[in-house]
Amino acid sequence: MENDTITVTGHQIHAAPCVRMLARTLGVNLAEVEPSGLKERIVEEDVKNFVRHVMDERKRKSE
Amino acid sequence: MKDTVEIDKSETQEWLDALASVVDREGENRARFLFNSLHSYSDKQGLNIARTFNTAHRNTIAVSDEPDYPGNLDIERKLRAAIRWNSIAMVVRANAKDKSIGGHLASYMSSSTLYEVGFNHFFKGSPTRCEGDLVYFQGHISPGIYARSYLEGRLSEEQLDRFRREVGGGGLPSYPHPYLMPDYWQFSTVSMGLGPIQAIYQARLMKYLHNRDLKPLGERKVWAFLGDGECDEVETLGALNLASREKLDNLIFVINCNLQRLDGPVRGNDRVMEELESSFLGSHWNVIKVVWGSGWDALLESDHDGRLQRLMNETVDGEYQNFKAQGGAYTRRHFFGKDPELLARVEHLSDQDIEELTRGGHDSLKIYAAYQKAVKTTNGKPTVILAHTVKGYGMGSEHGEADMEAHNIKTMELEGLKRLRDRFAIPVSDEQLKSGPMPYYRPGNDAPETDYLHARRTLLGGYLPARNTDHETLSIPALDDKVFTAQLKGTGERKISSTMAFVRVLTGLTKHKQLGERIVPIIPDEARTFGMEGMFRQLGIYAAGGQKYAPVDAGQIMYYREDIKGQILEEGITEAGAMASWIAAATSHANHGKMLIPFYIYYAMFGFQRIGDLAWAAGDMLTRGFMVGGTAGRTTINGEGLQHQDGHSHLMASAIPNCRTYDPTYGYEIAVIVQHGLKEMYERHKECFYYLTIMNENYAHPAMPDGAQEGIIRGMYLLQAGEDDQKTRVQLLGSGTILREAEAARELLLDFDVAADVWSVTSFNELRREALEYDRQRFMKPQEVYEKPWLTQALENRSGPVIAATDYMKLYADQVRAWVPNDYYVLGTDGFGRSDSREQLRAFFEVDRYYIAWMALVALCEKGEVSADIVEQAMNRFNIEPDRLSPLVS
Ligand SMILES: Cc1ncc(C[n+]2csc(CCOP(=O)(O)OP(=O)(O)O)c2C)c(N)n1
Ligand SMILES: [Mg+2]
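Protein chains in written order, with the numbering used here: chain G, 22 to 84; chain F, 7 to 896.
What the hints contain is simulated information worked out from the structure, not anything from laboratory work.
C-beta: ideal position from N, C-alpha, C; glycine also.
Worth double-checking, as some hints may not be accurate.
[What the hints assert, rightly or not] EDC-like mimics (lysine to aspartate or glutamate), calculated; alpha carbons at most 16 Å apart, straight line:
1. G:K60 x F:E32
2. F:K495 x F:D712
3. G:K60 x F:E34
4. F:K869 x F:D829
5. F:K253 x F:D276
6. F:K382 x F:E172
7. F:K733 x F:D757
8. F:K424 x F:E404
9. G:K60 x F:D30
[To be verified] A short list of chain F residues far from chain G (calculated; beta carbon distances all over 10 Å):
10. W21
11. A24
12. S27
13. D49
14. V98
15. R99
16. L243
17. S285
18. L348
19. H405
20. Y447
21. K488
22. E729
23. R784
24. R844
25. R883
This is chain G alone, in the form it adopts within the complex:
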């Protein structure tokens, strides 16, 4: 019963633990990511696409 006091808040976002970890490592806010999986589940590819997209944007802006 150690986890009783952890509040579960992230369930508005549908994603597996590994995807969540990936997002955390990359500093991605999952709320901004467009889901492509069944029932709006965010998959790994979505996070990567999101980062790619942000990087592209940045590159485009700095050019």
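Assemble chain F with the ligands onto chain G, guided by the hints.
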């Protein structure tokens, strides 16, 4: 404990969020599937991550999943109030007259709503009393059940006033006793533990009847109500696995978790509900917890950080008891007060509000949701409902509610009665309470409550409890039927055991056209010991799921055949289970309208002394059938030693008034006894059951002597008359295998010119019962002349001292001493058994032919009929050692 320490909160968060998102988007089933996949993966990896068998201390059914309540809550509350009131009134009135009468108030108060939701919405009745649900009521809440019957008009005020006042008839027994109320109670559920194990085997029998096409199961359910304290009995939890293995989805346990037993808390320092939850989950039952009443819903709903839940999980039962015993202010301080945040959350509640936060077992809505789920669940598992309640609920904290001694309260002071009246809004004045005994209260015939009560029961098929007393009559074949005739003819030179003779009769019965399908052989893993393995193939072993493997002995004639239509109940090594199974079959006529003929065949030593309390309850439940103690006799099951050698089961059996017992020797005796028993029970409807012992010693069985039949039944007959021309005579009585020693002693005595008449005593118990009745009649009406007891009649025209020898304690034969019309000497097997040859053991216990002959000569010598020289001669010839230690102490 390293694995329970949090080392990375954000990782934990990710996992929890992930799971929550699955529940949120894809639902509970998908979440369960993922969980199970994780679990089986970890299993495959050998990770040994155990699944826990506990959930949080809260209702299993979420508020959002609760069905609408189909009843009228207001009327049901009024009905409960009246039933509670009358249940107390009958006990209080009884004890006002006589303080020693006893009874219980607090237990029904804690379970009233559990029963009433059942009575109003679930328990099915039936006009035949053989179609509806079977309810095992917790024994000591019987006043509540009587009180309901009173409102239903099934019991009168006069009857309630005769609660625990039964002598003379018309009274109400303390607990459910079919023997004392045969058209009402169905099941004996006191003593503790007998209800649950019986319920499990009852549910199994119903599946068996269904699978064998003897009686369709339909929607019928078995409900067993039990106490949390009762769960410490091994019988209560000992058969849980059978229930799940046999997929008894027709079985529902309701455990009243009032956290108390008689002396104090069931688990003061722990949580009994938690412990029970894990036991039942581990045994693969559905567990539905009904922990909190609706009053808690809002508090739990807003418990976002889980603080309240955590407190609930950590509070021990001793504290929970305190909260109810000490009231609202105390609960605020000592429960919510443990956490300032929680204290703040209940600030808006008054102490009274807090006191009225009820436990789930007192909330009709929560109970209904649980019962509904239990009844509708179709996952093939039995279900247990753990209902959190308060012992003495509603009695008020100063008058017994959650009191340490709540269990034993059976009287109430005026103040307590007034409080109770106000609490339950019973229309009784102070005057009425003051002036006389606590009055009963029954809403008028045209009151809406009364209408409702009858309407609900009509809808559900009839009133409960109710026991069928209109039984099927079977026609039993005569003794000259081929089922029996082989035994009557004897075996000639062939040596067989009485067990084999019995098995032949049993086999004959299973092949009988009308009776065959009704025979239910029940065995706790000893069929091979008794030479019954031939029946495996012939009848099949009942297996609810059929046989899923080819048995290793498949090629053989007598292979281990399991079948969904199998007739044999092979129970495995559980005498309590097998006995409960037998009881269910032996009362099938009363509960299912289908007369069965069960034979429970077991190791005699592991019979009455192991399952004695169940056997006593069997007598109470008016069972009909045969209990057969195999490998009986202290010296006859010679090799097995001290713990296996039965030399007293007949004495124990004799304690049960409607158990008729026999210790036969020869095949024809068995045939006569079984045939007679069948006739008595199934044709003449005598309320009795039979116990016979059978042995594993081989010998030749003679043909039945002319005219022996009546004597076999009544307890003794002349087997062999001694030589007429001898004037020195003795009477030798023997039973079981030791009868044959008496026959041999007769031969030995010829050498001393002593003639012996040899009597086969099939039952010293039956002889004594008959003689006791004779004495009683003489005592009651001394002026009249009565026919003497069978035993006296048999012996009074015979001369010479009487010597009896059996394979049982001396008391077994000694019990008829008063009616033996001559000097009486008894040999028997008092003392601990041990292993050796039969010959050695019989010499050791002094029951062999030499001791019998020697005892006969000593008896004659005391009468002056033979000389001391002869006795000395015999002593030498028979190697009698006068200085040896008594077997009782050696
Ligand atoms: C085998 C057996 N032992 C003891 C008793 C005596 N007895 C009757 S009720 C009771 C306490 C029952 O406690 P619990 O099962 O929790 O039932 P509750 O009354 O609390 O609902 C005891 C010890 C009994 N009836 N049977
Ligand atoms: Mg209890």
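So which hints don't hold here, by number, going up?
5, 6, 10, 11 and 12
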